Structures are given as C-alpha cells and as structure tokens.
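Just so you know, the sequences run in chain order A and B.
Position 107 of the first sequence, counted from 1, bears residue number 106 in numbering that gives the first Met the number 0, the numbering being contiguous throughout.
Position 232 of the second sequence, counted from 1, bears residue number 231 in numbering that gives the first Met the number 0, the numbering being contiguous throughout.
Please keep in mind that the hints were generated in silico from the structure rather than gathered at the bench.
This one's a predicted model, so the numbers in the text were calculated from it and none came from an experiment.
Honestly, I wouldn't trust all of these hints.
Simulated DEER-style distance windows between Cβ atoms [as the list claims (entries may be wrong)]:
(1) 30/B with 91/A: 56 to 66 angstroms
(2) 243/B with 97/A: 21 to 31 angstroms
(3) 205/B with 24/A: 23 to 33 angstroms
(4) 267/B with 24/A: 22 to 32 angstroms
(5) 160/B with 127/A: 13 to 23 angstroms
(6) 100/B with 103/A: 53 to 63 angstroms
(7) 54/B with 103/A: 31 to 41 angstroms
(8) 127/A with 243/B: 34 to 44 angstroms
(9) 190/B with 103/A: 31 to 41 angstroms
(10) 67/B with 11/A: 50 to 60 angstroms
(11) 22/A with 267/B: 32 to 42 angstroms
(12) 53/B with 24/A: 53 to 63 angstroms
Glycine included, C-beta positions come from ideal geometry on N, C-alpha and C.
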Amino acid sequence: MVLLLIGCLVVPLLGLLRSSFLPGSHLLEGSGFTLDQYVRFFSDSYYTSVLVETFIDGFIVSLICLVIGFPTGYSLARLPPSARRWRTLIVIMPLTLSLVVVVFGWLIILGRNGFVNSLLVTLGIIPSPRIFLFTRPAVMIVLVQQFLPFMILSVMSVITQIDPVLEQAAANLRANRFTTFRRIIIPLAVPGILVGFNLVFVLSISAFITPRLIGGNRVVMLGSLIYERIMSELNWPSGAAMAFVLFVSGLAFTAALNAMAGSRIITGRGRYAL
Amino acid sequence: MQRRTFLKIATAAAAGALAAPCVRAQSKKFAGVTLRVNGFGGAWDEALRKSVVAPLEEKYGLKVQFTAGSTSADLIKLIANKDDPPYDLFMADSPYMIELLKAGVVEEIRESDVPNVKRILPGFREYGDFGVPFAVSSVVPVYNSKYIKQPLTSYSDIARPDLAARVVIPAPTLDTATLYLLGLAEENGGSISNMEPAFKVLAAAKPNIVALAQATVAEMQMFQNEEVYAGIFWDGRAHELRTKGVPIVTVVPPNGVYSVSAYMNVIKRTKYPEAAHAFAEQLLSDVGMLAIPEALRYGVTTDVKLPDDLRKDLLFNSPERTALKKKIDWERWIADRSTRIERVNKITRT
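Chain A on its own, in the form it takes in the complex (with noise of 0.2 angstroms):
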C-alpha cells in the first residue's frame, strides 16, 4: 500500500513539483531553478481571481450538495435495507455514465430551446427563452448534479451508524424534531458531512470538462485553465505551477475546514456539541 502511493502519488508530486520550478514555456526537458512560475501567478490578478473564483465555486457546491444530500442520505439510512438497496443504486447510477454524455444532456437541457426554457416560457413564467448555458450558474448546476452522489453516500454511511434509539431517548425527553435533529443527529454525523464536503469540494475545484463545456470557456476555473495551459499550450511548467498551487491551496483549506470542525467535536464547545 505504502508502494502504492509513493509510486502513484508521491513520485508524481514530486515530478510535478520539480517541473514547476523550471524555467521558460516548454515541454518538460530542460534543467535550471526559478520560481518565476510561482512569481507570475501570484503577480497577475487573473490568475488569483481565478483562483478566488475557483475556490467560491467549489465552496457553493459542496454547500449546496450538502443541502440536497444531507436529507436524502439520511431518509436513505432510515430505511430498511431491501429498499434502501434500490434506491442506493438510484443515487450510484449518475456516477456510471461517461461525464461528456452528461454534460451533452445538460447541454440540450439548459439550451435555448432546452427543457427548462421550454418549461419556463410554457409555464408563462419568463416570456421568451433566456441563455442559461455558458454561464457560473449553469456550471455549478451541472457539477452539483455530478458529485451530488459522492455527499449522500458519505452522510447515509454516517447516519446507518447513529443508533435510531438515541433518536427515541430525545424525543422521550421532550426534544422536538427539529432539536433532536440539531442537537444528536448532525453532531453525530459530522464525520460523514466532512467527508463528503471534502470529496465535493476537491472535485468541484479540480473540474474542468464542465467549466469548458457548459462554461463554452468564458466561465474559467483554475482546472480548465491548467489543461488549457498543460494541453493546448504544451507550457509545462507553468501548467504544473498552477496545479501546485491548487493541490496546496486545496489541501491547506481542507485541512482548515476538518481541523475547525474536529476541535469543536473534540472540545464540546460550539453549536454542535456533543
């Protein structure tokens, strides 16, 4: 396992490092140190608007994912197992089909003379059809939809492991539904939250087929800037740069984020105290 890594993930670290720290726009043969990679990102406001961008977006989407999540993965763990199966499978079957076929279909949804268009103007409620594709919204729709699943396996796994009868105990203590809910059941499933908010948000930063797609490449994360950059440009060690400074960003918020939630577990103290 320890191979594993350090031959999958590590070396390649490594590797990427090294080559953000080269200098020139070339491919990855070359040789000299400098951080004129790192000084030019940092420098241009483009880039850590984009940066900025990136990392509200992602933030947004894990929100939203664990808004619609956290009440389908908890009816998902309160049902008996036979039927939780059925739906579960439900919830999997978005993550079996290939990105690019969904984001086509949102394609078509959101066009024009899309669904939702048709719907709306059908419905009186815009009168002729708006442009929803090629927007933030439209790419944050289709990234919720896509890494949805991954935050409603995380909390149902969490919440099967809360033993209903502490729900039982509160209510025989006069909580209401709404307190016990606040008070046992989200303390108690903090875990599974942080799990699939993490997985969520480092996603949703590193995504760019949905950014160029539904974005139509005016919609920028630092994803699709980095492909661009890696892909189109053959600029390697600007390319690895940026993702360096993504990997790190998005490990020191994540980190932030879990470090902040578990001190209030730990401690008791906050509003989600044990």
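For chain A, the structure is supplied; the task is to place chain B on it using the hints.
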C-alpha cells in the same frame, strides 16, 4: 471423358481463375506496395479514398492505408521515429508544416517528380518545395439570415451592438480557427506584430459573445440549436449547416480572407518515394483535387475547372475571390500563441 481427367481439368481451370487477378495485379507498377498516411478521419479520408486511392489502386495496384488520429499526436509519433518513420505520407495543416520542417522529416516535392505541382495556384504553396497543398479552409464571419437582417460584412462586425448575446467565436487554443483575430487586427490598422486593435474589438464584442467554442462540432451545435445567430466559422462547415437546413450566410470580408491549407508531404526515408509521388500527382489531378470540395466544400489549390454546382458553394470560386486570400506568417502566429491565448481568455472571461 474419364472422371479423373475431368477433375484435373476442372481443378486447373479453377486455380487459373483464382490466380488471374493476382497475376494481373503483380504486373502493375506498385503492386504489393501499401503507403501509410496519417488520416484526418471521417468524410475527409473517405473522399481521398474515393478520388485518390481508388484510381491509384486501379491503375498501379497501389494500396493506401489511412490511420485516423490527431495531427499533433501523429506528428510527435513521426518525429520520435525519424529513422523508421511510421508514415510514408503525412497530411498536415499550414501551422503544423513549421514543426515538420524544423524536425527535418519531410522531403521536397519537385515538379520533376510530380508534374501537377505546376498547377498549384500562385501564393498557395507557403513552404517552397515542401509539401503540396490540396485543400484550403477559410475562417470567415457567418450569420443566420432568419434572425440577422442586417448582413455582416467584416470580421469586426462581431462587435455590432445589435448582436448582443448572439455571437460565438472559436476558442483561442484553436490555432487556425483564431485567424479571425488577425482579421480583426488588420481591419483596424493592426498587423500580426501589433494585435492590440484586435483585442480592442474583442473587448467591444464581449457583450455579444455567448461562448468560445472548443471544437468545430460544438460550434455547429450552437448554430443548429439557435443558441447563437452569428460568429466566426469555417466556410466548409457553414455549408454543412446550410445542408442541414440552417440558413447560414457566409461572409466574404472585402479586406481579405484568412485561410489554412491542408498539405500532403512525402516523408524522408520512405521505402516508396515513387509511389508517394504518384499519390501526390493523383491528389493534384482534376479528380483528386475535387475530392475534398465535393465532400466538404473546402477550396481547391490548383487551376482545376470547377463544375458549376460546386463553384456556387465555394468561397474561392473566382480569381477575384482567390486574390482575397491573405498571406500568413505562420511561424510568428505560432510563436505568439501563448500570449494570444492569455489575452483572449482575460478579455472574454465573465
């Protein structure tokens, strides 16, 4: 006749009948030779098979094997295997020719080897004696006449205020499709070494631009689904849209048209240089030259006489139109691509 005699005669007759085509094929000049060519795939390769490969096989017994793939990947494969090249002929658009020449993997094609070279139109052979151009694609303004009543007349018209949220342009990573930027520059006093005027027009056109298409197919879908009504597109693809019932009008900008040529190259160290020259000769012949225009409505590069039904569909269909084809410094264009991509991204980002 005895049974045994009958069987002997029948067996000999059958063997003779079966062997006859082989014997005939062996007698042809390039019998047993198979040329390997990188393919563009789809209708493109199919058209070449029909109008170039089939006559060569019939006449010389020459076989040609197309391997469809992306030119950039095929190019890397070719450069990495210079000593034992995986292709005998290599198809590449104008910008890729620079890499081919730098790598020194292609042979010159002279008139003495391929007589039809003399038929190539002036200004269409951009790299001296290297490669033969056999099709030309132009990137031009287009619009849907059902919705746009005031015709577009130039590249700069994409910034017209009445086109708000109705325009698509190719993504900046597409080297050839982004030639429209050169059009924007030169129409507004700029040049390949001064692209600022183009970026100014692009910034003015930003409210009009709905998307930057990552691929030709994606752009076609946008026009078909009426997501956009105007933009910059390939002349051949605009014709394809018309055949699908979309009333797309191709604009011929009076200040010049920006085009890219498809070249066929003979690879150094090919085992069959003579057969490769025969292929190039057939490609530049009347039948070969009309292959791509008939299938995809891209332009011709020789003095071939265009049939009337084809002439009306082609952008370069007269000497006056052909004279509009702009000369492009491809080396400079490719050298500036990173800067160009970054500028376009910064301007068009929402």
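Exercise. Could you work out which earlier hints the structure fails to respect and list their numbers in ascending sequence?
Key: 6, 8, 10, 12
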